[in-house]
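Q: Each residue of the sequence shown is one higher than the last, beginning at 177 in the numbering used here.
I should point out that these hints are in silico values taken from the structure, not numbers from a laboratory.
As the structure is a computational prediction, the values presented were derived from the model and not from experiment.
Here a beta-carbon is modelled for each residue, glycine too, at the ideal position from N, C-alpha and C.
Watch out, some of these pointers could steer you wrong.
Simulated crosslink set (EDC-like; lysine to aspartate or glutamate; CA at most 20 Å straight-line) [to be verified]: (1) 263 <-> 207; (2) 194 <-> 207; (3) 194 <-> 261; (4) 259 <-> 248; (5) 263 <-> 248.
Label pairs and their calculated CB-CB ranges [unchecked claim]: (6) 240 <-> 266: 28 to 38 Å; (7) 194 <-> 252: 33 to 43 Å; (8) 194 <-> 245: 16 to 26 Å; (9) 202 <-> 229: 15 to 25 Å; (10) 225 <-> 249: 34 to 44 Å; (11) 241 <-> 283: 31 to 41 Å; (12) 203 <-> 266: 20 to 30 Å; (13) 269 <-> 218: 34 to 44 Å.
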Amino acid sequence: EAHGVFSLECLSCHGLGKLAMAEGRNEEGLEMFRNALAASAFNEGEEATFELNILLFFTQALFDTGAVDEVEPLVQRYRSAAKAESKKRACLNHAVLHSIYTSARLHEARG
Numbered sequence: 177e178a179h180g181v182f183s184l185e186c187l188s189c190h191g192l193g194k195l196a197m198a199e200g201r202n203e204e205g206l207e208m209f210r211n212a213l214a215a216s217a218f219n220e221g222e223e224a225t226f227e228l229n230i231l232l233f234f235t236q237a238l239f240d241t242g243a244v245d246e247v248e249p250l251v252q253r254y255r256s257a258a259k260a261e262s263k264k265r266a267c268l269n270h271a272v273l274h275s276i277y278t279s280a281r282l283h284e285a286r287g
C-alpha cells in the first residue's frame, strides 16, 4: 500500500534526523528532516500529524543551526497545517500554539 510505504519513510527519516541532530551531525539531520517532510506530502489519506511533527522538529532544528532563511517558507505551511488539524478536531491543539511561536521566533530572528 502506497500510504504505508510513505508513512514508514516519513517516520524513518524523522527518527534518523532527530538522532543525527542529537549526535551533532546537523547537515545530515536537516537532510533527513527534508526527506521526511517530502514523504509526508504523500500521506494524503493520513491525518496531518506526520507533517506537523516533522515541521515542529525541523523548524526548531533550522533555528538551532542558524538556517533562518529556510524556516521562512515553512512557517506558513506549518500554521496552515496546524490550523486545519485543529479545525478538524474542533479544538485548539499544541501544534497551533507552536506554529504561532515559530512565527514569532522568525519575526524576532529577522529583527
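Q: Next step is simple, just say for each hint if it's right about the structure.
A: Comparing the hints with the structure gives:
For the hint pairing residue 263 with residue 207, the CA-to-CA distance comes to about 31 Å; that exceeds 20 Å, so the pair is violated. With a C-alpha separation of about 11 Å, the suggested pair residue 194 and residue 207 falls inside the 20 Å cut-off, and the hint holds. Taken as a hint, the residue 194 and residue 261 pair is broken in the structure, with Cα atoms around 23 Å apart against an allowance of 20 Å. In summary, the hint linking residue 259 to residue 248 is supported, as the alpha carbons are separated by about 17 Å, within the 20 Å threshold.
For the proposed pair residue 263 and residue 248, the alpha carbon gap of about 23 Å is over 20 Å, so the pair is violated. Distance hint check: the CB atoms of residue 240 and residue 266 are about 33 Å apart, consistent with the given range 28 to 38 Å. Our hint of 33 to 43 Å for residue 194 and residue 252 is violated, since their Cβ atoms are close to 24 Å apart. Between residue 194 and residue 245 the C-beta distance comes to about 22 Å, which sits within the given range of 16 to 26 Å.
Distance hint check for residue 202 and residue 229: the Cβ-Cβ separation is about 19 Å, which falls inside the suggested range of 15 to 25 Å. Here the CB-CB span from residue 225 to residue 249 is close to 21 Å, at odds with the stated 34 to 44 Å. Between residue 241 and residue 283 the Cβ separation comes to about 19 Å, which falls outside the hinted range of 31 to 41 Å. At roughly 40 Å, the beta-carbon separation of residue 203 and residue 266 lies outside the given 20 to 30 Å, and the hint is violated.
In this structure the supplied range 34 to 44 Å is violated for residue 269 paired with residue 218, their Cβ-Cβ distance being about 23 Å.
Hint check: violations occur at hints 1, 3, 5, 7, 10, 11, 12 and 13; the rest are consistent with the structure.
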